[in-house]
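Undergrad: Can you make the complete structure from the sequences, with help from the hints?
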Amino acid sequence: MKSPMRRLVQAELRLMMREPLTLTFVFVFPVVTMLIIGGSFGTKPDIAFDGANPSHWYVASYLTVVIAATGLIMIPVHLASYRERGVLRRFTAAGFSRWSFALAQMVSGLVAIAGGSAILLAVAALVYGLPGMHHMGNVVAAFVLGSVAFVSIGVLLGAVLPSARAAQAVGLLLFFPSFLLGAGGPPPHVMGAALRGIAAYLPLTQLTDAVRGPWLGIATATGSLAVAGALAVLATALAARRSLL
Amino acid sequence: MDDTRVVNVRGLCKSYGKRKVVNDVDLEVRAGEIVGLIGENGAGKTTTVECIQGLRQPDAGTLAVLGLDPLTQADRLRAKIGSQLQSSGLPDRLRVAEAVQLFAGHDGAELLERFGLAQLRRSAFASLSGGERQRLFLVLALVNRPRLVILDELTQGLDPAARRGVWAAVKELRSDGTTVLLVTHELEDAENLCDRVVAMRAGRVLASGAPWELIGRYGQAARITFSLPPERVPVVAPDAMVDLPGVLTVTHLGTQLTVTGDRAAIAHVGAALVSSGWVPPDLCVRIPNLEEALLDLLDHAKSDAPRDPAGAGPRTQPTRTTRLTRTTRSTQLTRPITEQIGAIR
Numbered sequence: 001m002k003s004p005m006r007r008l009v010q011a012e013l014r015l016m017m018r019e020p021l022t023l024t025f026v027f028v029f030p031v032v033t034m035l036i037i038g039g040s041f042g043t044k045p046d047i048a049f050d051g052a053n054p055s056h057w058y059v060a061s062y063l064t065v066v067i068a069a070t071g072l073i074m075i076p077v078h079l080a081s082y083r084e085r086g087v088l089r090r091f092t093a094a095g096f097s098r099w100s101f102a103l104a105q106m107v108s109g110l111v112a113i114a115g116g117s118a119i120l121l122a123v124a125a126l127v128y129g130l131p132g133m134h135h136m137g138n139v140v141a142a143f144v145l146g147s148v149a150f151v152s153i154g155v156l157l158g159a160v161l162p163s164a165r166a167a168q169a170v171g172l173l174l175f176f177p178s179f180l181l182g183a184g185g186p187p188p189h190v191m192g193a194a195l196r197g198i199a200a201y202l203p204l205t206q207l208t209d210a211v212r213g214p215w216l217g218i219a220t221a222t223g224s225l226a227v228a229g230a231l232a233v234l235a236t237a238l239a240a241r242r243s244l245l
Numbered sequence: 001m002d003d004t005r006v007v008n009v010r011g012l013c014k015s016y017g018k019r020k021v022v023n024d025v026d027l028e029v030r031a032g033e034i035v036g037l038i039g040e041n042g043a044g045k046t047t048t049v050e051c052i053q054g055l056r057q058p059d060a061g062t063l064a065v066l067g068l069d070p071l072t073q074a075d076r077l078r079a080k081i082g083s084q085l086q087s088s089g090l091p092d093r094l095r096v097a098e099a100v101q102l103f104a105g106h107d108g109a110e111l112l113e114r115f116g117l118a119q120l121r122r123s124a125f126a127s128l129s130g131g132e133r134q135r136l137f138l139v140l141a142l143v144n145r146p147r148l149v150i151l152d153e154l155t156q157g158l159d160p161a162a163r164r165g166v167w168a169a170v171k172e173l174r175s176d177g178t179t180v181l182l183v184t185h186e187l188e189d190a191e192n193l194c195d196r197v198v199a200m201r202a203g204r205v206l207a208s209g210a211p212w213e214l215i216g217r218y219g220q221a222a223r224i225t226f227s228l229p230p231e232r233v234p235v236v237a238p239d240a241m242v243d244l245p246g247v248l249t250v251t252h253l254g255t256q257l258t259v260t261g262d263r264a265a266i267a268h269v270g271a272a273l274v275s276s277g278w279v280p281p282d283l284c285v286r287i288p289n290l291e292e293a294l295l296d297l298l299d300h301a302k303s304d305a306p307r308d309p310a311g312a313g314p315r316t317q318p319t320r321t322t323r324l325t326r327t328t329r330s331t332q333l334t335r336p337i338t339e340q341i342g343a344i345r
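Residue numbers (the working numbering), protein chains in the order written: chain A, 1 to 245; chain B, 1 to 345.
Derived from the structure by calculation, the hints contain no laboratory data. In this text, a Cβ means the ideal position worked out from N, Cα and C, and glycines have one as well. A few of these clues could be false.
Derived coverage of chain A by chain B (criterion: at least 3 residues anywhere in the stretch with Cβ under 8 Å from a Cβ of chain B; other residues may be distant) [said to hold, decoys possible]:
1. 11 to 19
2. 75 to 89
3. 92 to 100
TA: Below, the structure written as structure tokens:
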């Protein structure tokens, strides 16, 4: 017989695939917006895109959109709605430990990111072709650390926010500015100084820089990678603390 | 220690902020019993069982459930308890069979069959009716063969047919020897299902006992009414009825005769009617139920009664004859009056 933890993860993965919000924001939204934005600036290398092919620049940027959608929208809304509707109480009373549900959310979040990224890359490969990866180690490290960081932020938000509606409101409010300024919007070089200044402080901007820079050979972005790593440690510690209390 | 005690709570206190929700509650549930924790909304019932399940931390008191401390041994305890919690749900898109698999690690086919859910295995939780959901919660509460089952507001929002279905399911638990703690403000549930009930109000235990004991202790008298045409008065002799065992009052209003008394009075009045050779066609007997008894008790508690840990009842019992003096322009006989009549005769 499978352990309660394995059963919970399995059930959560199955439910994730039936959840319209997940399907829309994690699997569909990044692909559709990548096709729109990535197709808007052509494929000719451009100084505004650090000398890279704009379409490839967006392909490399949009992986982090999948990560942000999972951590800022999917997980908080899912967790908060479970608490609001008494699902968490029922699971707790049935003997599932308090941390097991948070852990199941982290696993499903990471699987969602993997699935969403695979779909995004498959579509990008067909439409634009995938850009060559200059520093694969840095890219993979940034992708993994960023995924852990944002999934933990999602668990933390879901544990703190009182209802699904509140989680949706806060999630969307965090997601869209981060998405437009830090990953899927205009390149930083065409933004005004004020917007660029704000964007530089957003966690998603740091994560996108840490993935895109080494991928396209623009920069190794080890500073941004360190930020993603620190964020992963901090967010995981806070989420674990909140889930255990 | 008495090892038949499945739940043993002493001096339980719990406050939310400044509001004391549970105040010095003692509660015992013995193996194989179905015990009802009853009272109005806000009486502290749910908080009490949440402390028993280790879902809330008590401010004071000692708790032992199946010999374990719910606070420090919650994980071990929860594996032995089946719970149906008030206002708690399941994920909308989780299917019936998946829910059972998730909670039990096996398909629970026998229980799904027994509770009439076998054909709904593939149905999502959101598509189930209220009765089906409650039956699924029962299955989930029982699927790990728990020694204690806690059912909180099990029949809330159910139509009468669904309610009876759930009652039948709980009665089956009794035959299996499972110990059940039933939390409800539906006194009909408690009267139909429980071996013993514990009545709470404002965080305190007001009374406890078997439903019939509480009805006897706090309920009003049984009431027998029938029409008595003038030509039948000499045959039936209503004046003599007040001397029958258990009879409290006899009221003759127009052509209507009302006799009140305890349950024994019902048999004696019936016997008197049969022996008089006339059984009224509109004979009607109204027996007080637990709901009426408890409403009386709760009304009383609101006005004056202090806590009664022994369940001995409020300080003052309602005076039955006083309650029956509302009738106007009628002849009402009570025991003292008949004694006077007897003396005159």
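Undergrad: State for each hint whether it applies.
TA: Now the hints, each set against the structure:
Check on the region 11 to 19 of chain A: 5 of its residues sit with their Cβ under 8 Å from a Cβ of chain B, so the three-residue criterion for coverage holds. Judged by the Cβ-Cβ criterion of 8 Å, the region 75 to 89 of chain A is covered by chain B as claimed, because 5 of its residues qualify and three suffice. Counting residues of the region 92 to 100 of chain A whose CB falls under 8 Å from any CB of chain B gives 5; the rule of at least 3 is met.
Checked against the numbered hints above, the structure violates none of them.
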